[in-house]
Amino acid sequence: MLKQLRAIVGEENVSDDLADRYIYGSDASIHQSSPSVVVRPGSIKEIQEILRFANREKIPVVPRGAGTGESGSAVPLDGGIVLDLKRMDKILEIRPQDMFCRVEPGVINDELNRELKPYGFFFPPTPASGKVCTIGGMIANNASGMRAIKYGATRDAVLGLKVVLANGDLVRMGTSTIIQASGYQLERLMVGSEGTLGVMVEATLRLKPLPEERAVGRALFYELSQAGDAVSKIITEGIVPSALELMDEVAIKSVNKALKAGLPEVEALILFECDGIKASFNHEIQKIKKICEDCGAFDIIISDNPEEMEKLWEVRSSIFPATSMYKEDRIRATLAEDITVPVSRLPELVEGIHRIARENGIIIGTYGHAGEGLIHTAFLVNPRVSDEWDRTRKAVDEVFALVQHLGGTTSGEHGIGISKAPYFKKERKELLELMRGIKKVFDPHNILNPHKLMDAPEDFFTATKLRYPVKERR
Amino acid sequence: MKTKALESWEKDILRCIRCAYCFVDCPVLKELGWESAGARSKIILSYGLKEGEIEPNQLIKDRLFQCCLCAQCEINCPAKVKVASVVRAARRDLVEAGHYFEAHRMMKEMIKKTGNLYGEERKDFHYPKLGAEFALFVGCVGKYREEESLKRTLELLKELGVSFTTIEEVCCGGVFGDVGFEASQEDAEHIKEEIKKTKAKKLLTTCPMCYRTFKEDPRFKDLGVEVLHITQLLEKLEFPVKTERIVTYHDPCDLGRHSDLYQVPRNVIRKFAPNFQEMVKNRENAHCCGAGGGVRGSFTRLSINMAKKRLQEAIDTGAEVLLTECASCLHNFKNAKKRKQKIEIYNISEFLSLLMDGEVK
Ligand SMILES: Cc1cc2nc3c(=O)[nH]c(=O)nc-3n(C[C@H](O)[C@H](O)[C@H](O)COP(=O)(O)OP(=O)(O)OC[C@H]3O[C@@H](n4cnc5c(N)ncnc54)[C@H](O)[C@@H]3O)c2cc1C
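For the record, the sequence lines run as chains A and B.
Counting in this note's numbering, the first sequence runs from 6 upward without gaps.
Counting in this note's numbering, the second sequence runs from 9 upward without gaps.
Incorrect hints may appear among the rest.
20 Å max Cα-Cα, derived EDC-like pairs, lysine to aspartate or glutamate [stated by the list, open to error]: (1) K38/B to E120/A; (2) K136/A to E18/B; (3) K316/A to E82/B; (4) K342/B to E352/B; (5) K289/B to E315/A; (6) K90/B to E312/A; (7) K332/A to D33/B; (8) K136/A to E167/B; (9) K470/A to E61/B; (10) K19/B to E333/A; (11) K136/A to E352/B; (12) K289/B to E312/A; (13) K265/A to D268/B.
Quick caveat, the hints were computed from the structure, so don't treat them as lab data.
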């Protein structure tokens with residue numbers, strides 16, 4: 006296998022060394038499972054040849070961007086080839102007149118936005134991991150972020166794709182037009198496909214004009230339920246902020262530790278942002294402020310100073326890693342992570358999670374894109390204690406049961422991968438066969454990221470080695 | 009492999025959430041491309057070694073030594089993982105298990121023989137002076153690799169009337185902790201003894217690495233004198249000269265990220281170079297020159313490639329002069345510079361001396 010791969014991409018772009026196999030066997034999830042070989046292609050042609058070869062030999066192929074996925078979607082369960090796409094990082098074209106750009110899959114979100122800025126446009130999904138994650142990974146996971154409430158998720162920005170199929174064929178899906186009604190929208194099917202249907206090698210992405218101005222606000226609440234109510238009321242009023250975020254006490258304390266942020270350590274805070282033209286959003290901001298006050302908020306700050314706004318947001322974008330600093334012996338294990346419910350059910354969700362944490366004697370921090378009904382769960386675990394993992398797993402089960410009870414979904418933005426597959430399968434019970442049928446049409450030999458999504462193992466916890474030194478495991 | 013040193017960094021290793029924010033601006037990753045070369049991976053490899061999931065091989069060793077310890081990753085890490093310290097510990101364990109680089113082991117031997125890293129015939133800059141205010145420590149790189157520049161620095165001190173005395177130096181040993189070896193206690197005692205002899209109350213260093221070593225290394229805990237980097241002294245002095253040329257400044261990692269001296273050198277430059285132009289990446293986000301962490305000795309091409317990139321960033325500011333205050337950075341930049349590149353590169357103190365003598369504009 007090495008010989009053929011080297012012939013395709015060159016010696017220096019293939020490695021089966023233990024160092025690389027170990028590294029490319031993990032992402033930001035709890036999972037660890039090594040590939041047999043890592044390949045770094047530099048062109049579409051090379052990718053086609055690799056897939057032709059792998060398809061013939063029935064070798065699994067797992068595409069990989071930056072490996073920032075949190076549910077193990079880039080972890081190669083069956084070994085095989087990991088296809089590191091970061092060398093393909095060119096922005097091919099920016100066409101503000103047509104409101105799109107064309108990029109290779111390894112382009113990094115923030116770098117694209119840096120290039121777009123002078124044109125007065127931006128690529129709207131704003132994942133907190135935007136400084137490292139790639140466009141390919143974003144499309145495959147349908148990433149989004151805090152601005153999705155106004156600007157949508159990655160799926161809303163994908164106009165067209167070039168995809169290399171399992172058999173090595175290159176196909177074009179979608180268009181370069183803002184709208185299309187030409188039959189099956191297969192480019193949309195690729196969104197959220199998590200590397201199981203094809204390798205995306207080029208994307209045509211819809212751009213949005215950069216809002217001229219914005220303002221950011223922060224409101225503190227003594228009680229979490231007050232913050233939940235405020236979020237619901239803001240949405241009900243018909244206000245569309247460009248972001249509406251919630252942080253609980255665990256999240257607040259963590260960023261205080263990590264960033265010395267100096268936030269008052271109350272039960273909850275919300276961050277909100279409105280953008281556009283000052284004259285029009287000022288009115289909205291004031292309305293939000295009033296709602297927050299009515300719900301019991303205090304110490305409300307509003308700013309349109311760029312530095313202050315950045316400071317306010319820095320707090321938010323640092324929560325994920327910062328939560329691992331909450332308590333000495335605890336680390337943040339990426340579990341559940343991005344559960345999403347209809348916005349009106351948010352207070353119930355957040356309170357339910359805190360109850361589950363209490364009942365199981367563990368710590369779960371909650372924060373997230375409240376305006377989208379999305380809550381991130383920070384499970385803080387002592388990784389060496391197996392009993393703690395047992396209680397954590399039970400809590401994860403209960404959290405997902407609650408989400409389904411509230412009419413929500415397993416993943417709002419990070420994807421399913423391995424860790425969330427059992428719950429996804431419950432949620433989409435009646436669709437699993439249909440999905441398997443689709444997979445078969447695209448990938449008859451099941452070489453592309455096999456055993457993920459509907460085909461993933463029933464027990465995520467034993468599906469792979471964990472990347473923690475758990476003492477005993479059941 | 010036994011991992012005694014890594015054991016004490018377990019908390020940091022587990023705290024890493026593997027978010028990869030440390031990929032941003034990791035100069036080694038930018039050069040090598042493979043994820044295994046990036047900062048996050050160094051934590052993962054350390055974890056693997058510690059838990060016995062992997063055993064060292066050539067590439068694992070290479071990856072753990074392909075790091076300038078520039079600590080840009082620590083700035084970017086929201087979980088505040090002490091990446092450079094973990095890498096140092098991993099190196100310590102690797103070396104303990106016999107996985108060292110010959111170039112690094114040689115340095116140890118050279119110091120035993122000659123008192124300097126390069127094993128060169130001993131050079132002593134003799135400016136002995138009794139009752140001087142400062143004992144001066146110039147370090148190996150300046151003395152043996154950037155001698156002309158160092159001489160200028162000493163000239164400047166004299167011209168400015170600074171009361172200093174040289175000592176009989178042996179290497180401060182700072183580099184050894186970086187490359188997995190233990191630094192010599194005996195050498196430390198010698199240095200302390202030499203400083204004591206001068207009766208000076210302050211130790212003046214020209215090299216940021218030496219500065220840091222004297223400040224942080226437990227071997228120098230009982231040094232008993234105040235340690236200053238030369239920029240801290242220059243900040244307090246006035247110079248009778250100015251340059252109208254456009255000048256930029258490169259933050260040495262040991263001075264900036266590791267010692268938090270960002271503004272001090274800028275204050276010095278402001279006194280004589282009104283046309284100062286920052287590089288896009290500056291202060292805590294300044295890209296590394298590629299010389300540190302033992303990389304220049306064991307991965308020379310990698311090291312020079314990093315210096316080339318940083319030099320280009322200096323050129324992109326439109327500056328005619330690139331200043332720094334570190335013999336290592338200076339040396340790497342000079343090695344990286346192509347003849348057609350017009351930018352001039354100096355240490356601040358060197359440039360000032362040349363300016364005062366009218367040898368540069
Ligand atoms: C600190 C942190 C914060 C985060 N914040 C957010 C957030 O706010 N919002 C959010 O949505 N996500 C977030 N994430 C999750 C993650 O960053 C996103 O899912 C991101 O889109 C993954 O991109 P990546 O390049 O790292 O992909 P990877 O993790 O490398 O891969 C993800 C999936 O995409 C597939 N894939 C990658 N490239 C291709 C391709 N070219 N063709 C086909 N399949 C491909 C892989 O096979 C895998 O299934 C966060 C993660 C971290 C660690």
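Against the structure, the hints come out as follows:
Taking the CA atoms of K38/B and E120/A, the gap is near 19 Å; set against the 20 Å cutoff, the hint holds. For the proposed pair K136/A and E18/B, the alpha carbon gap of about 27 Å is over 20 Å, so the pair is violated. Taken as a hint, the K316/A and E82/B pair is honoured in the structure, with Cα atoms around 19 Å apart against an allowance of 20 Å. Taken as a hint, the K342/B and E352/B pair is honoured in the structure, with Cα atoms around 9 Å apart against an allowance of 20 Å.
Using a Cα cut-off of 20 Å, the hinted pair K289/B and E315/A holds, with the two alpha carbons roughly 18 Å apart. The hinted pair formed by K90/B and E312/A fails the criterion: a straight-line CA distance of about 27 Å is larger than 20 Å. This hinted pair does not check out: K332/A and D33/B have alpha carbons roughly 29 Å apart, beyond 20 Å. With a C-alpha separation of about 49 Å, the suggested pair K136/A and E167/B falls outside the 20 Å cut-off, and the hint is violated.
Using a Cα cut-off of 20 Å, the hinted pair K470/A and E61/B holds, with the two alpha carbons roughly 11 Å apart. The hinted pair formed by K19/B and E333/A meets the criterion: a straight-line CA distance of about 8 Å does not exceed 20 Å. About 34 Å separates the Cα atoms of K136/A and E352/B, which puts this hinted pair outside 20 Å; it is violated. Our distance criterion of 20 Å between C-alpha atoms is met by K289/B and E312/A, whose separation comes to about 18 Å.
Among the hinted pairs, K265/A with D268/B is consistent with the structure: their alpha-carbon atoms are about 17 Å apart, no more than 20 Å.
Against the hints set out earlier in the document, violations occur for numbers 2, 6, 7, 8 and 11.
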